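Number of protein chains: 2
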Amino acid sequence: MRYKVVLAYDGTNYCGWQVQPNGISIQHVVEDVISSIQKVETHIEASGRTDAKVHAKGQVFHFDGHVNMTCEQWLKAMNAKLPEDMLVKEVTEVEDSFHSRFDAKWKNYDYYINLGEYDPFERNHVLQLCRPLDLDKMRECAKCFIGSHDFTAFNANSLQERPNQVRNIYDLWIEERGQIIVLHFYGEGFLRYMVRMITQTLIEVGKGRLSIEKVQELLQQAKKHSAPYNASAVGLYLVKVGYEDYKEE
Amino acid sequence: MRYKVVLAYDGTNYCGWQVQPNGISIQHVVEDVISSIQKVETHIEASGRTDAKVHAKGQVFHFDGHVNMTCEQWLKAMNAKLPEDMLVKEVTEVEDSFHSRFDAKWKNYDYYINLGEYDPFERNHVLQLCRPLDLDKMRECAKCFIGSHDFTAFNANSLQERPNQVRNIYDLWIEERGQIIVLHFYGEGFLRYMVRMITQTLIEVGKGRLSIEKVQELLQQAKKHSAPYNASAVGLYLVKVGYEDYKEE
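Protein chains in written order, with this note's numbering: chain A, 1 to 249; chain B, 1 to 249.
No lab work stands behind these hints, which were simulated from the structure alone. Quick caveat: nothing in here was measured; it's all calculated off a predicted structure. Heads up, some of the hints might be wrong.
To be verified - List time: in silico DSS-like cross-link candidates among lysine-lysine, alpha-carbon distance up to 27 Å: (1) B:Lys105 x B:Lys137; (2) B:Lys53 x A:Lys81; (3) A:Lys207 x B:Lys81; (4) A:Lys81 x B:Lys207; (5) A:Lys89 x A:Lys240; (6) A:Lys224 x A:Lys53; (7) B:Lys224 x A:Lys207; (8) B:Lys57 x B:Lys76; (9) A:Lys214 x A:Lys240; (10) A:Lys53 x B:Lys57; (11) A:Lys76 x B:Lys207; (12) A:Lys89 x B:Lys207; (13) A:Lys247 x A:Lys143; (14) A:Lys105 x A:Lys207; (15) A:Lys207 x B:Lys89; (16) A:Lys240 x A:Lys57; (17) A:Lys57 x A:Lys89; (18) A:Lys81 x A:Lys240; (19) B:Lys137 x B:Lys207; (20) B:Lys53 x A:Lys53; (21) B:Lys207 x A:Lys53; (22) B:Lys89 x B:Lys240; (23) B:Lys53 x A:Lys57.
Only chain A is shown next, with the shape it has when bound in the complex:
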């Protein structure tokens, strides 16, 4: 029986999703918990990796169950054993052919930035920029990224490993919540550091250090290493992975 699991985690204390030689990975912790529950060495497969310190409110992974347990029992058993910085939110039975990565149709990432006074309580969850930004300019610039573009300049995957770096961003908008702004990214998929690089690019535009014309040029030229902007992992959340066609939320 194959299960689809929706998982939230605070990425602060982890080296990221993927098992690494140094540091504790989220994948490793979750695999240990599931393996110990069903007493079978179990591999889990996620919708995609998240980097060190990146958070998730709705990461999705799948695994194959080898014991007679309901979804509700799996959810409770996992939450009883997982550390307090992780929470299984949903467990559902899926077809044996379901694959959390290959079947994903879209993803939503959010990036949180505090423009106000430094907040020591949110230092691991919200980028503490603590200065004003020109949101009008950022919103105008955000539109450049919406749609299907070659994001070669705005990600860290090499062209050898990913020859096709065209991706479709369905929506990218900026919400104001008091002194906090939230950048909402919806797209069919995101390359390595793509959300963080676009975020830092928008921050530079908001600071007045980078023009919208220059951003358009970088996007059109599509050259590796031409956009040297990468926001911290701290404010980034994988919010949702969609398995149906994208519809505006």
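Take the given structure of chain A and dock chain B to it, following the hints.
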């Protein structure tokens, strides 16, 4: 020159305000920073201790400055050297006779409780109770504590160290913020664990496990160890220390 400082800190990684043989205390970290700035071993005196893992949005301490620096320079110098889980919010010059503890007229503590789904991001900042409570009953019970009472049953100071355990609670009310409730305590001063013991007492009332009559009885009898309730440090914040007469906020 004596300075009054308003300090915020995330108490998660500290053994509390006071210097302890084991663990890192907030006092120790701040004294080190000030001593290194003015190159004189400096003692700081707080409005009161906070326990391990308790947070502050507005702790107040004072110290004596021995260098020619403005308040603004002190603020910047301290924030440059303090760890990222602390923030100096205000520095003001005060009379040489000012004392952060003896001159304090009232304090405001807030206690945060999540009644909804477990939130892994807020595990160190909000008590994760994750069950409904009868807020009407809690609000009714909260009224018992308002005013001047002998809080012998509701604190952990011995009668040897504090023979007079009568304190005046000016206000105690419960705010709803979605799935989070916030208990706001205003009083002339609070004994050890007093806020946490009243909070857990109110939680027990909200769960239906303790009657308001029983709480009134415990308060009137004023016997040590009669109220075995003590909420976790996690949701507790020292919000404000007042140096003027209390006025309803």
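Here is what the structure says about each hint:
1. B:Lys105 x B:Lys137: With Cα atoms ~30 Å apart, B:Lys105 and B:Lys137 exceed 27 Å; violated.
2. B:Lys53 x A:Lys81: 23 Å, holds
3. A:Lys207 x B:Lys81: It holds: about 26 Å lies between the C-alpha atoms, which stays within 27 Å.
4. A:Lys81 x B:Lys207: 26 Å, holds
5. A:Lys89 x A:Lys240: Given that 27 Å is the threshold and the Cα spacing comes to 12 Å, the pair holds.
6. A:Lys224 x A:Lys53: 25 Å, holds
7. B:Lys224 x A:Lys207: 59 Å, violated
8. B:Lys57 x B:Lys76: 18 Å, holds
9. A:Lys214 x A:Lys240: Status violated; Cα separation ~31 Å.
10. A:Lys53 x B:Lys57: 25 Å, holds
11. A:Lys76 x B:Lys207: Roughly 22 Å between the alpha carbons, so the hint for A:Lys76 and B:Lys207 holds.
12. A:Lys89 x B:Lys207: 25 Å, holds
13. A:Lys247 x A:Lys143: 18 Å, holds
14. A:Lys105 x A:Lys207: Violated, at about 34 Å.
15. A:Lys207 x B:Lys89: Status holds; Cα separation ~25 Å.
16. A:Lys240 x A:Lys57: 7 Å, holds
17. A:Lys57 x A:Lys89: At roughly 9 Å apart (the allowed maximum being 27 Å), A:Lys89 and A:Lys57 satisfy the hint.
18. A:Lys81 x A:Lys240: Judged against 27 Å, a Cα distance of about 24 Å means the pair holds.
19. B:Lys137 x B:Lys207: Within the cut-off at roughly 9 Å; holds.
20. B:Lys53 x A:Lys53: 22 Å, holds
21. B:Lys207 x A:Lys53: Roughly 37 Å between the alpha carbons, so the hint for B:Lys207 and A:Lys53 is violated.
22. B:Lys89 x B:Lys240: 12 Å, holds
23. B:Lys53 x A:Lys57: 25 Å, holds
Checked against the numbered hints listed earlier, the structure breaks hints 1, 7, 9, 14, 21; every other hint is satisfied.
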